[in-house]
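Peer 1: Going letter by letter, the sequence shown gives residues 0 to 324 in numbering that gives the first Met the number 0.
Among the hints, erroneous ones may be present.
As the list claims (entries may be wrong) - For lysine to aspartate or glutamate, the following DMTMM-like pairs were computed, each having C-alpha atoms within a straight-line distance of at most 20 angstroms:
(1) K269 x E297
(2) K239 x D57
(3) K74 x D35
As the list claims (entries may be wrong) - Computed beta-carbon distance windows for the label pairs:
(4) R258 x R88: 38 to 48 angstroms
(5) R72 x S248: 38 to 48 angstroms
(6) P163 x P127: 17 to 27 angstroms
(7) P86 x N323: 38 to 48 angstroms
(8) G173 x I243: 23 to 33 angstroms
(9) K74 x E230: 37 to 47 angstroms
Simulated from the structure, these hints should not be mistaken for lab results. Cβ atoms here follow ideal geometry from the backbone N, Cα and C, with glycine treated the same way.
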Amino acid sequence: MEQRPLGKTGLHVSVLGYGCGAIGGLMVKGSAAEQDRAIGRAIDQGITYFDTASAYGDGVSESNLGRALKALRAKVIVGTKVRIRGPQRLDIAGTIAQSIDASLARLGRDSVDIFHLHEPITQAGEAPSFTADQILQQAVPALRKLRDQGKIRFYGITGLGDAPMLRRVLDEGGFATSQMPYNILNPSGVTPLPAASSMPDLGGVIHHAGKAGIGVMAIRILAGGALSGSEDRSPLGVAKVEPIASGASYAADVQAARRLLPLIEAGYAKDLVELALRFSAMPHEISTVLVGTASIAELDHAVAAINQGPLPAEALAMIKQLQNG
0 MEQRPLGKTG LHVSVLGYGC GAIGGLMVKG SAAEQDRAIG RAIDQGITYF
50 DTASAYGDGV SESNLGRALK ALRAKVIVGT KVRIRGPQRL DIAGTIAQSI
100 DASLARLGRD SVDIFHLHEP ITQAGEAPSF TADQILQQAV PALRKLRDQG
150 KIRFYGITGL GDAPMLRRVL DEGGFATSQM PYNILNPSGV TPLPAASSMP
200 DLGGVIHHAG KAGIGVMAIR ILAGGALSGS EDRSPLGVAK VEPIASGASY
250 AADVQAARRL LPLIEAGYAK DLVELALRFS AMPHEISTVL VGTASIAELD
300 HAVAAINQGP LPAEALAMIK QLQNG
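My request is simple: use the sequences and hints to build the entire structure.
Peer 2: Structure follows, in structure tokens:
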């Protein structure tokens, strides 16, 4: 599998990263045997980046990933995240320090490669979001301390919120990575959307981060599963998915995805999932695209899709025509 530079970190990561969250659900609700097989299968197929968070199953994902990697004696790149909610907002630095210690214990590691702040950054900073000043003045010093202590190698953000605030934080905070929503329904992280669009406009933040040498990890590449073209949910995944940087509802995203079916009929991809995966990995600013799975079969399908490489120019033109029509 293709390995890409992760910004200026010196690390290289697989173009397809393994997401251990609750939307796919395998690493939260699956059996230990199936989880271990999935992680081993991912590594065998060239996946080198594994993404988890303390919020995924209240730490269950971290524990399961740590167990699987230990059993396999695997040397891979691991990222986790901190979420700061409720009363924790009164002690941002303390919460960050406590969170990484708990995450390391669950993962069974002395350090992680990447530690992401997992909250939106906005002008107003209304909960659960934070202002740029809160991030730069309170969170960043705490993250730098963890790096100096050897508990994390690099720190990053989940790039949700207001584009100007995100650009400021990326410019001033020393962040090495950013996880950004990017998919075929809303590509505005690379190129701002037209003024007439109803999609949330991420204002070219992915392009901005790439120019600054920040490693971009694309998230929501399947719009929470909607880009399968079906509203059916796996028993292992969450029952309901709220849209992030896409349409007004999951159902609306599914309908938008189905409008792309003529590309499948034209033979540009075997199905909508393949189309979405190949599209999301095309921007040169993106180091890895993260996908969560409910089964090994879904993992194999994602790997086969990403290995097909970029979509041809004719397919991109057809996508634009269908979306504008």
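Peer 1: Using the C-beta atoms of P163 and P127, is the stated range 17 to 27 angstroms upheld?
Peer 2: 19 angstroms, holds
Peer 1: Between P86 and N323, does the C-beta distance stay in 38 to 48 angstroms?
Peer 2: Hint holds: Cβ distance 47 angstroms, inside 38 to 48 angstroms.
Peer 1: Taking 38 to 48 angstroms as the stated bounds, is the beta-carbon spacing between R72 and S248 within them?
Peer 2: Given about 44 angstroms between the Cβ atoms, the range holds.
Peer 1: For the pair we were handed, K269 and E297, check the Cα-Cα distance against 20 angstroms.
Peer 2: 14 angstroms, holds
Peer 1: Has the given pair, K239 with D57, been kept, meaning a C-alpha gap of at most 20 angstroms?
Peer 2: 18 angstroms, holds
Peer 1: Please verify whether K74 and D35 have alpha carbons no more than 20 angstroms apart.
Peer 2: Within the cut-off at roughly 15 angstroms; holds.
Peer 1: Do the Cβ positions of G173 and I243 conform to the proposed distance bound of 23 to 33 angstroms?
Peer 2: 25 angstroms, holds
Peer 1: CB of R258 to CB of R88, is that within 38 to 48 angstroms?
Peer 2: 41 angstroms, holds
Peer 1: Quick check: does the Cβ-Cβ distance between K74 and E230 fall within 37 to 47 angstroms?
Peer 2: Because 39 angstroms falls inside the window, the suggested range holds.
Comparing the model with each numbered hint stated earlier shows that all of them hold.
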